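Make a model of the complete structure from these sequences and hints.
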Amino acid sequence: MVRVDGNGSGDALIRMREVDKVYHRGGEVIHVLQGLNLDVEAGEFVAFMGPSGSGKTTLLNLLGGLDLPTAGTIVVDGDELSRLSGPALAAWRARHVGFIFQMYNLLPVLTAFQNVELPLLLTRLSRAERRDHVELALSLVGLADRLDHYPRQLSGGQEQRVAIARAIVADPTFLLCDEPTGDLDRRSADEVMELLSRLSAEYGKTLLMVTHDPRAAERAGALLHLDKGVLVEAGRR
Amino acid sequence: MRYLPLIWRNLVRKKVRTTLTIGSYGVALFLFGLLAAIQTAFNQGVEVAGVDRLVVRNKVSLIMPLPQAYRDRILQIRGVRAVTYASWFGGYYQDERNFFPQYAIDTPTFRRVYPEFSVPPSEWSAFEADQEGCVVGRQTAQKYGFKVGDRVPIVATIFGGVWEFNVRGIYDGTRQQDDLTQFWFHARYLEERRRWGKGNVGWYVVRVANPDLATPVAAALDALFANSSWETKSETEAAFAAGFVKQMGNIKLLILVIGSVVFVTLLLVTGNTMAMAVRERTGELAVLKTLGFSDRAVLGLVLAESQAYALQGGILGLVAVKLFTMRGDPTGGMLPLFYLSPAKMGLGLLAAAAVGAAAGAIPAVLAMRLRIVHALRRV
Numbered sequence: 001m002v003r004v005d006g007n008g009s010g011d012a013l014i015r016m017r018e019v020d021k022v023y024h025r026g027g028e029v030i031h032v033l034q035g036l037n038l039d040v041e042a043g044e045f046v047a048f049m050g051p052s053g054s055g056k057t058t059l060l061n062l063l064g065g066l067d068l069p070t071a072g073t074i075v076v077d078g079d080e081l082s083r084l085s086g087p088a089l090a091a092w093r094a095r096h097v098g099f100i101f102q103m104y105n106l107l108p109v110l111t112a113f114q115n116v117e118l119p120l121l122l123t124r125l126s127r128a129e130r131r132d133h134v135e136l137a138l139s140l141v142g143l144a145d146r147l148d149h150y151p152r153q154l155s156g157g158q159e160q161r162v163a164i165a166r167a168i169v170a171d172p173t174f175l176l177c178d179e180p181t182g183d184l185d186r187r188s189a190d191e192v193m194e195l196l197s198r199l200s201a202e203y204g205k206t207l208l209m210v211t212h213d214p215r216a217a218e219r220a221g222a223l224l225h226l227d228k229g230v231l232v233e234a235g236r237r
Numbered sequence: 238m239r240y241l242p243l244i245w246r247n248l249v250r251k252k253v254r255t256t257l258t259i260g261s262y263g264v265a266l267f268l269f270g271l272l273a274a275i276q277t278a279f280n281q282g283v284e285v286a287g288v289d290r291l292v293v294r295n296k297v298s299l300i301m302p303l304p305q306a307y308r309d310r311i312l313q314i315r316g317v318r319a320v321t322y323a324s325w326f327g328g329y330y331q332d333e334r335n336f337f338p339q340y341a342i343d344t345p346t347f348r349r350v351y352p353e354f355s356v357p358p359s360e361w362s363a364f365e366a367d368q369e370g371c372v373v374g375r376q377t378a379q380k381y382g383f384k385v386g387d388r389v390p391i392v393a394t395i396f397g398g399v400w401e402f403n404v405r406g407i408y409d410g411t412r413q414q415d416d417l418t419q420f421w422f423h424a425r426y427l428e429e430r431r432r433w434g435k436g437n438v439g440w441y442v443v444r445v446a447n448p449d450l451a452t453p454v455a456a457a458l459d460a461l462f463a464n465s466s467w468e469t470k471s472e473t474e475a476a477f478a479a480g481f482v483k484q485m486g487n488i489k490l491l492i493l494v495i496g497s498v499v500f501v502t503l504l505l506v507t508g509n510t511m512a513m514a515v516r517e518r519t520g521e522l523a524v525l526k527t528l529g530f531s532d533r534a535v536l537g538l539v540l541a542e543s544q545a546y547a548l549q550g551g552i553l554g555l556v557a558v559k560l561f562t563m564r565g566d567p568t569g570g571m572l573p574l575f576y577l578s579p580a581k582m583g584l585g586l587l588a589a590a591a592v593g594a595a596a597g598a599i600p601a602v603l604a605m606r607l608r609i610v611h612a613l614r615r616v
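First to last, the sequence lines map onto chains A and B.
In terms of the working numbering, the numbers along the first sequence are unbroken and rise by one, the last being 237.
In terms of the working numbering, the numbers along the second sequence are unbroken and rise by one, the last being 616.
These are calculated hints, taken from the structure and not from any lab test.
Since the structure is predicted, the reported quantities are computational estimates derived from the model, not experimental observations.
Built from N, CA and C at the ideal position, the CB exists for glycine as well.
Any given hint could turn out to be false.
Claimed, not checked - Here are the in silico distance ranges between beta carbons for each label pair:
1) A/Asp-171 - B/Pro-242: 16 to 26 angstroms
2) A/Asp-171 - B/Val-602: 25 to 35 angstroms
3) A/Asp-171 - B/Arg-250: 23 to 33 angstroms
4) A/Arg-198 - B/Asp-532: 32 to 42 angstroms
5) B/Ala-591 - A/Glu-218: 58 to 68 angstroms
6) A/Ala-201 - B/Pro-242: 33 to 43 angstroms
7) A/Gly-27 - B/Val-602: 27 to 37 angstroms
Take a look at the structure:
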């Protein structure tokens, strides 16, 4: 269940209350998000749409603990993000969030295997255990035969699938996808969306996705529209 | 350890830059090692100086002699355990470039004052028995191919003529820093053949009963010969050697200045390299932070990378200079004790690590403070 009216149930995985985000640019004050409420239960697949500059990426940054709100609270799985210190917030991200970016953001000097292994370097897993996890994640995205390929040796779609494998390898609480198909051709975009839909439907992953692509948004269980810093429910499957 | 592949891949990302940076460290540490070896060579006398030995020379100048008759008077001073004397011969072997120090020594007393040199007893006995005998240091013997039984002609620049000696022994040192380039022959042979200055010696070396007596014995010695025609200046062997080095200028300061300039330049070069490396990877560092790498982990990664440059280049330079110094004195006799000690190598590696830390410090702090949201926008 996804709600934006601030009356969600207490057991929501993600709960935002009266969240404001204000930027100061020169002497100008920019209200990016205003009094935003959001409740997302575990297993939901939520898409956020809206015009450029509407605050979609800012919203994802707040949900992912990359930035903190100017006012209001964000509680994820019982942790209030504003109360976490820098190192604790980094550890929280490692444990709870899988990030998927528009430009994939793979490290060019590392192979697909090494890129996917990165989040596991922060865990106590042994080398053999890490290898098992990485191979499983890469086989899940259909790239078991590309372990030793560098990003430059992969197509855009394959790079994004490696990025998805990196996002899921540590089994985070939820995935944040920022325009995951924005840099892909139609076919690759469909493959990536198919993969994300499977993660939601078959593995019960909670996904929050920002997109401009209506076809990608159609895959989500709930569609929210963000405009001028205000969130409204735009549709539900 | 688990971050090693990441550090390594970043190091080899720009191979030319990495090679040049490691090369910079290598060259700097080679130079450091060379300067350290030169300093060791200049300080040789100070390093090998016995704490219980005094050098007694003519107060006017080292090149002025002292009477041989002083020996018995010195022996009467309380606290003196043994006395020997020597004279500078100043010759060369075949060619002026083949220089090594030759001393006319008082054979019966020499080893009592210099116990650190070792000569096989049979060779020493043969030397004592041969008026024209000589004992040569292992290094000089190897350099010129002298063997026991050889007859060696030495051109005498001070006393004139060609003097021939029979090699009766080869000496070694009991410490690494001992000078193995000397050539000893009998003072009695010099006394017999010299045409002028008979009855004189170059200097005395006095061994005192214990090091605490060095200062009072030196004072007593100089007082004994005060107001004579041959006044003396007595000082510890270390002070004598240090004074000798000082005559050539402040070598230590010179080496310190050159070394400092080299390391500061290295710091600027490598600091710039690290700054470029971090600036180019702003987005990647932000991604690492996004994935959950803490600020400290990112700081550590950048510092580790900087250290990796420093240590690889440092080891390369130090190994190269060690190999260079193992070939011996490159000047053909000016620096007989030319070697790089393990302690100096360790110091060099520490210096490289310090430069590595300093060069990586600012970029690492900038990487640590990087704000993810701002950095990701630049990707």
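Here's how the hints hold up against the structure:
1. A/Asp-171 - B/Pro-242: 16 to 26 angstroms: holds (22 angstroms)
2. A/Asp-171 - B/Val-602: 25 to 35 angstroms: holds (33 angstroms)
3. A/Asp-171 - B/Arg-250: 23 to 33 angstroms: Holds: the Cβ-Cβ distance is about 30 angstroms, inside 23 to 33 angstroms.
4. A/Arg-198 - B/Asp-532: 32 to 42 angstroms: holds (35 angstroms)
5. B/Ala-591 - A/Glu-218: 58 to 68 angstroms: holds (60 angstroms)
6. A/Ala-201 - B/Pro-242: 33 to 43 angstroms: Holds, at about 35 angstroms.
7. A/Gly-27 - B/Val-602: 27 to 37 angstroms: Hint holds: Cβ distance 30 angstroms, inside 27 to 37 angstroms.
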